[in-house]
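Trainee: Place chain B on chain A using the hints.
The listed protein sequences correspond, in order, to chains A and B. To convert, note that position 14 of the first sequence is 9 in my numbering; the numbers rise steadily by one, no gaps. Position in the second sequence (first residue = 1) + 210 = my numbering.
You can trust all of the hints, since none of them are fake.
Some, not all, of what chain A presents toward chain B, calculated at C-beta under 7 Å:
no.: 1; residue: Lys37
no.: 2; residue: Gly38
no.: 3; residue: Pro39
no.: 4; residue: Phe41
no.: 5; residue: Phe99
no.: 6; residue: Lys101
Bear in mind the hints are in silico, worked out from the structure with no lab data behind them. These figures come from a predicted structure and were not determined experimentally. Where is the CB? At the ideal position from N, CA and C, for every residue including glycine.
Each chain, written out:
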Amino acid sequence: EDQVTQSPEALRLQEGESSSLNCSYTVSGLRGLFWYRQDPGKGPEFLFTLYSAGEEKEKERLKATLTKKESFLHITAPKPEDSATYLCAVFTSYSGAGSYQLTFGKGTKLSVIP
Amino acid sequence: GAVVSQHPSRVICKSGTSVKIECRSLDFQATTMFWYRQFPKQSLMLMATSNEGSKATYEQGVEKDKFLINHASLTLSTLTVTSAHPEDSSFYICSASPSGVRETQYFGPGTRLLVL
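Only chain A is shown next, with the shape it has when bound in the complex (with noise of 0.2 Å):
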């Protein structure tokens, strides 16, 4: 059974202190990785997908990484706004007429202290 562990559970930061999120997997076949923000009572806000170890990619203060078994949301300098709970999902393999299954992690919640 395909598994994802994201760590902290929560997060409390003070402007400007940079820090990482960490999300662990444990699937069959990993064909990408996502991540995403949430705001309370508020849809999942893409942010990146990733497909290979060793793939980066940036985003404002965001910068996410991806190795063979886990994931980093590296957060740069946040600021209050940056408070959210980031989710990340892995996808791992099509089915029928080309759809495809999301497993999502529990998210961190991160709160940015000015």
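Mentor: Here is chain B on its own, set in the frame of chain A:
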């Protein structure tokens, strides 16, 4: 770009009634749409996958007769919760995958359902 809307955003209904939730891709065509539910402090759980013009594929443990899904066009999917009960109260989120870009899913804002 890649905006997905849901309607309604919140709904309160009496036990035994049916509730329909709409999911629309506003600026792209979506061959595939997905329906998830999310309980407080829990991860998103996939309920079903729907491809335009064909029957939805339901995940194990999800009752297809209770959660009716229709994907009649490339921009609209609906989820109907039939004979809703309090245990169906949850946050329902849809996502859509642009035609030709199968992996990326864009999510709607979610619908909060409360069954009294």
